[in-house]
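> As a plain string of letters, each chain reads:
Number of protein chains: 2
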Amino acid sequence: MKTKLVSAGLAVALGVGAGYVVNAFAQQKPEVLIGQRQGAMKLIGKYWGPLAGMMQGKVPYDATVAQRNAHYLEVLAEMPWDGFAESTKDSQEKNRALPAIWAEPAKFKEAADRLRTTTANLAKAKDEGSFKTAAGEVGKACGNCHDNFRSK
Amino acid sequence: MKTKLVSAGLAVALGVGAGYVVNAFAQQKPEVLIGQRQGAMKLIGKYWGPLAGMMQGKVPYDATVAQRNAHYLEVLAEMPWDGFAESTKDSQEKNRALPAIWAEPAKFKEAADRLRTTTANLAKAKDEGSFKTAAGEVGKACGNCHDNFRSK
Numbered sequence: 371m372k373t374k375l376v377s378a379g380l381a382v383a384l385g386v387g388a389g390y391v392v393n394a395f396a397q398q399k400p401e402v403l404i405g406q407r408q409g410a411m412k413l414i415g416k417y418w419g420p421l422a423g424m425m426q427g428k429v430p431y432d433a434t435v436a437q438r439n440a441h442y443l444e445v446l447a448e449m450p451w452d453g454f455a456e457s458t459k460d461s462q463e464k465n466r467a468l469p470a471i472w473a474e475p476a477k478f479k480e481a482a483d484r485l486r487t488t489t490a491n492l493a494k495a496k497d498e499g500s501f502k503t504a505a506g507e508v509g510k511a512c513g514n515c516h517d518n519f520r521s522k
Numbered sequence: 371m372k373t374k375l376v377s378a379g380l381a382v383a384l385g386v387g388a389g390y391v392v393n394a395f396a397q398q399k400p401e402v403l404i405g406q407r408q409g410a411m412k413l414i415g416k417y418w419g420p421l422a423g424m425m426q427g428k429v430p431y432d433a434t435v436a437q438r439n440a441h442y443l444e445v446l447a448e449m450p451w452d453g454f455a456e457s458t459k460d461s462q463e464k465n466r467a468l469p470a471i472w473a474e475p476a477k478f479k480e481a482a483d484r485l486r487t488t489t490a491n492l493a494k495a496k497d498e499g500s501f502k503t504a505a506g507e508v509g510k511a512c513g514n515c516h517d518n519f520r521s522k
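If you read the sequences in order, they're chains B and W.
With the numbering used here as the guide, the letters of the first sequence map in order to residues 371 to 522.
With the numbering used here as the guide, the letters of the second sequence map in order to residues 371 to 522.
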């Protein structure tokens, strides 16, 4: 089992390292990269949703959920970006990435870094007031990137 | 934009809380839960792959990648399980979950907890030797769960 598992792991491994750590792995297939980055976005949606509700007062503020989800979001905010490799630009795989991602890489990186920064700040929020302020900035970071780099 | 974003967030929010924090959100649609848990598994594969390669000596040990990925895995290992809600058992959505997940919930929880424990231990590994030992335990946790709860 171990051998089989490791082989599967290696097949998955090949695209990692396009982000912030340079290493020796070859390039992963575009459809795998797209699946991984969409997976990250789905999880960001999963853990952001309740916080958006709390921010708007539609559900009661729950410090335990808020802090747990904010921590998850901070970590998840590191994960989508190397999935936007140039190799995925013309993929037939269903996805909503706009060409602007590759036409304006500095602007895209800035938008990605904004999610990192705002989720890190959210994870530091210690009470309902600072949580709501910080969550507002996360929401704007999501919206800013989706407005510019995701199709409607 | 903010309002639109928040509404989208709320739509995503409704299934959260089936895990370890009880809260007031209603149940999410089965297909959304399946997409989220598959997203978590894809990301676990993404960050596990290079570590499996290092464990086997197929790629050189890189402490920076090893520690970063191990940290990611520890956090990701918290995320799939509430996606296996009973409501997803008979979903027509493409997935490989076996009925044993719901027939043997204690055994499934034990298998899930084993991934949590072994990835937490991996994140604590400080040198190549302890990394390889801990990675072996992670690999066995993956294999154990897939053997018993995922279709071939």
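There could be a bad hint or two in this list.
All copies of an identical chain are treated as equivalent in the list; a pair is satisfied when it fits inside any one copy or across any two copies.
With a straight-line Cα cutoff of 30 Å, these simulated BS3-like cross-link-like pairs (lysine-lysine) come out [what the hints assert, rightly or not]:
(1) 494 with 464
(2) 399 with 428
(3) 464 with 399
(4) 522 with 464
(5) 399 with 502
(6) 459 with 502
(7) 496 with 522
(8) 464 with 496
(9) 428 with 464
(10) 477 with 428
(11) 464 with 502
(12) 494 with 459
Read the hints as simulated data drawn from the structure, not as lab findings.
> Which of the stated hints cannot be reconciled with the structure, identified by number in ascending sequence?
Going through the list in order, the structure violates hints 1, 6, 7, 8, 9, 10, 11 and 12 and respects the others.
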